[in-house]
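When you get a sec, could you build the whole thing from the sequences and use the hints?
Residue-level listing of the chains:
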Amino acid sequence: MTMDDNKLTFDKITSDLTHHIRINKGFLVWMGFLTVSLVACLYAYSLQLRTGLGVAGIRDYVTWGLYLANFVFFVAASLIGMLISAVLGLAGMKWITPLTRIAETIAVSFAAVAGLVIVSDMGRPERLAYVFIYGRPQSPILWDVTVIITYFALSLLLLYLPMIADMAILHRKGALPSWLKGTYKCLSLNFTDTPAQNRIINRSIRMLLILLVPMALSIHTVTSWLFAVTSRAGWDSSIFGPYFVSGAFVAGSAAVIIAMFFFRKNYKLQDYITDLHFDNMGKVLVTVSLVYLYFNINEFLVPGYKLQRADAIHLTELFSGKDACMFWIVQIGGLVLPILLLFFRPFRKPLPILVISIAVLIAAWFKRYLIVIPTQEHPFLPIQHVPQNFVVYTPTLVETMITIGPFILVLIIITLISKFFPVIPLHETAVEKGVEDV
Amino acid sequence: MEENNNTHSPNEPEKSKASTRRDFLKNLGLAGVGVATGAAALYSGHIFEAKKEATGESKVLLTQDGRLVSVDSLEIKSHEKTGEDLRESQSREGIPGRRWVMVTDLSRCRNARKCISACQEAHHLRPEQYHMNTLQMQDSPNTAPYNMPKNCQHCDNPPCVAVCPVDATYKRPDGIVLIENDRCIGCRFCMAACPYSARIFNWIEPKDAAKDQGIEYNAELNVPQKLGTISKCLFSADRLREGKLPYCVEACPNSVYYFGDENEDSVTNGTTKETVRLSKLLRDNGGYQLMPELGTKPRVYYLPPKNRLFPFEEAKDATPEKV
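Chains as they are written, first to last, in the working numbering: chain A, -13 to 424; chain B, -17 to 305.
By construction, these hints were calculated from the structure, which means they are not laboratory data.
Positions of the beta carbon are idealized from the N, C-alpha and C atoms, including for glycine.
Keep in mind that a hint or two might mislead.
Below, a sample of chain A positions facing chain B; criterion: calculated Cβ distance under 7 Å [said to hold, decoys possible]:
no.	residue
1	Ser32
2	Leu33
3	Gly38
4	Ala115
5	Val117
6	Thr180
7	His364
8	Pro365
Chain A residues, not near chain B, derived (Cβ > 12 Å throughout) [as the list claims (entries may be wrong)]:
no.	residue
9	Val105
10	Val199
11	Phe213
Listed below in structure tokens is the structure:
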């Protein structure tokens, strides 16, 4: 702790954690930039709606392209809510308190937008309701829809419940516009900080945390099954579930570290998100990366040893063929190197770990590309008598914009949540520091 | 439980009051059920009487198990469906008693591609859209190359049907895997699941979209093709319903294809119109299936390319550079 705990008063904590809740120039400029970018991406999507999926580079052989890779990435990133809040929280780690809301915000926004990403991949998005009307429980898509909706609902509750107490404080204390105060009052559900109320909230949170673990495991396991239930080389793998889940933790941890860095800097939270938190998150990232490395070795070494016909073609393309460059940059730059660096304390300082996390997160996106696309470029039977763009997948500009759009939407959601609600749990922090509201 | 006993004994009157109340509720419930049953009986009796009055005549009919029964003429409904209902139920139920099967003789294929053009014309496909495509295959460096027409294998254990989230693609009792493109949401999971790359997608406006406007969708022909939905080989289910051979089978100039019914154990060559025993044809010629190890149980059999009638020639592509 950089601050002497004795000097902490409740008012100081409140003002430290809520002073960013105001509309300033920086916020308007940032939101303006995001909105304009989003509009451009929406225009790209309107082109696709009018003329069909043909505006994208996907064709009959590589039929799942950027959109599907993006979907997997979004589901992966949303898993971090479970790791930070549920796994570390239930294990009794106290240091995660200031990070829980950041993790849940990331989880909620990525899970919500993942649903939109998958709609952008549909040839007939206006028939989305058919999934509910004619849904067949045999199809893994039905399982995916079910678990993603459930996970999103649980994550939203987990974001909201710890916020009820904060809303009550904000309503009472903050010097804020009346419409905002009214909203806080509404959201606080007349919370008055009685022991009975706290008991209900704490119990509910605990129940949610326990439910969240199997749900989070399910969403990414089922997402991996979209691939693993087929017989294609590169997808036909029995470890795809844990392989995806461990990869998701890597991407999510990196996302949380990046968010921590910017919130700390922009909202001046240096006293609450300290170097210790970065150090600990560095340890978390290196741990999950090691687990992911282990699954990577299993995923590539075992089929690589046997080199069955279809696997041989797939692995040759990855190791030394068309996709080799991307593959090795992703595996070494996004996994091996970060692990080696994060073993050393100086690399777990805020700035170095930010740079490493950005590399890990970008690599994580390309990793999804490598999982989804190359497999389809060499099916069991040869690709013949079709145009060249059927043989080699090249994403189009429109497709790329439709892929970037969801990222902008996630940034908008995260910005709005973090702008109008305390980034760090206010009530919880005060309770932990032993300062009570008077 | 114990606690319950303790509280019961000193409060005998309380208990009896409770049980009276329970009894009352039970009786009330019984009475309710009785009234409802009575009302239903009266109502159905009334309907029956009303109907009897309406016609007054009864007909004697022969049931399926050979009994003669007398039935009020109002009760007799036509068994036949008409229009769209008929077409929809037909395309889901298939042709009764049949198990369609195809045999492709690789020793006779010289890549004339007549099957492909007949198919593309029938199903309103673009030149790069194949329900049937002839591939130039070579199994290993020292084995001879050969031409292999490849269509949907109409698997008995179809991976595409299993993964479809909305029942837009389905397996019929007569063995054919069909698509209902009014239902398809365009998720392309079936394309990812198919190991034979048999499925195609309407990425852009279908070739005859303007011409086909207003035509009612026929799942057995897969016409009109629709933007954003799947298409694939249908074993020409519309032709089979008319008692004809599939478009590709009929169009082949080189007697490559046999088509027929597994139940009858007979297949007919599309070019020579010669009908042979399916089991004998497969036995005598070493018939095999594509990738049977995947457990898909295809309904298309291949006869190996031995004693070939034509030399192998490199195929020339006529498809556009980019679509």
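Now the hints, each set against the structure:
no. : hint   : verdict
1   : Ser32  : violated, 15 Å
2   : Leu33  : violated, 13 Å
3   : Gly38  : holds, 5 Å
4   : Ala115 : violated, 9 Å
5   : Val117 : holds, 6 Å
6   : Thr180 : violated, 31 Å
7   : His364 : violated, 11 Å
8   : Pro365 : holds, 5 Å
9   : Val105 : violated, 10 Å
10  : Val199 : holds, 27 Å
11  : Phe213 : violated, 8 Å
Hint check: violations occur at hints 1, 2, 4, 6, 7, 9 and 11; the rest are consistent with the structure.
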